[in-house]
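The task is simple: from the sequences and hints, build the whole structure.
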Amino acid sequence: MHIRKLTHADLPRASALCLEAFTQAVAPSLPEQGAQTFAAVAAERAFSERMEGDNLILLCEADGFICGLVELKEGRHVAMLFVAPAWQRRGVGARLMNEALKHARSQVVTVRASLPSVAAYLSYGFELAGDVGEFAGLVYQPMEKTR
1 MHIRKLTHAD LPRASALCLE AFTQAVAPSL PEQGAQTFAA VAAERAFSER MEGDNLILLC
61 EADGFICGLV ELKEGRHVAM LFVAPAWQRR GVGARLMNEA LKHARSQVVT VRASLPSVAA
121 YLSYGFELAG DVGEFAGLVY QPMEKTR
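Mind the numbering: the sequence shown is residues 1 to 147 in the working numbering, read in order.
Hints are computed from structural coordinates only; laboratory data are not their basis.
Be aware that a few hints might be false.
Keeping only pairs whose Cα atoms sit at most 20 Å apart, straight-line, the calculated EDC-like set for lysine to aspartate or glutamate is [stated by the list, open to error]:
| # | residue 1 | residue 2 |
| --- | --- | --- |
| 1 | Lys102 | Glu44 |
| 2 | Lys73 | Glu99 |
| 3 | Lys5 | Glu74 |
| 4 | Lys5 | Glu99 |
| 5 | Lys73 | Glu127 |
| 6 | Lys145 | Glu52 |
| 7 | Lys73 | Asp54 |
| 8 | Lys102 | Glu49 |
| 9 | Lys5 | Glu32 |
| 10 | Lys73 | Glu49 |
| 11 | Lys73 | Glu32 |
| 12 | Lys145 | Glu74 |
Laid out in structure tokens, this is it:
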């Protein structure tokens, strides 16, 4: 396994990975609006646009297969972290998170964790940082980690 930056050639596979993991783990707990909102965020074009901005998007790859992805926005906010269902509970998320945190430019890193992912973020050292919220159908738990 190795971690590297997302390239434009990776966009179809990266988008598919996020959509698959989201559909399996998060979508069942959300209203239809949330699934639609996420589909727009995880679309290839949306990833491509964020690559041009101040977002670091890293992939974990094993034998040519993208098994995970993390996105760090503006060096201070985890915008996305997904691991392919077949690769979950094998350390992929922790490896991606550790690598993303090396690039953080803020003492405090935040995330709006989906409710099913809260336990994973707690294991990465994040703490609860407020009440559960909702935006465009996406339900989240604010969390933060002080480095």
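Verification of the hints:
no., hint, in the structure
1, Lys102 <-> Glu44, "26 Å, violated"
2, Lys73 <-> Glu99, "14 Å, holds"
3, Lys5 <-> Glu74, "15 Å, holds"
4, Lys5 <-> Glu99, "11 Å, holds"
5, Lys73 <-> Glu127, "19 Å, holds"
6, Lys145 <-> Glu52, "26 Å, violated"
7, Lys73 <-> Asp54, "6 Å, holds"
8, Lys102 <-> Glu49, "23 Å, violated"
9, Lys5 <-> Glu32, "31 Å, violated"
10, Lys73 <-> Glu49, "13 Å, holds"
11, Lys73 <-> Glu32, "26 Å, violated"
12, Lys145 <-> Glu74, "15 Å, holds"
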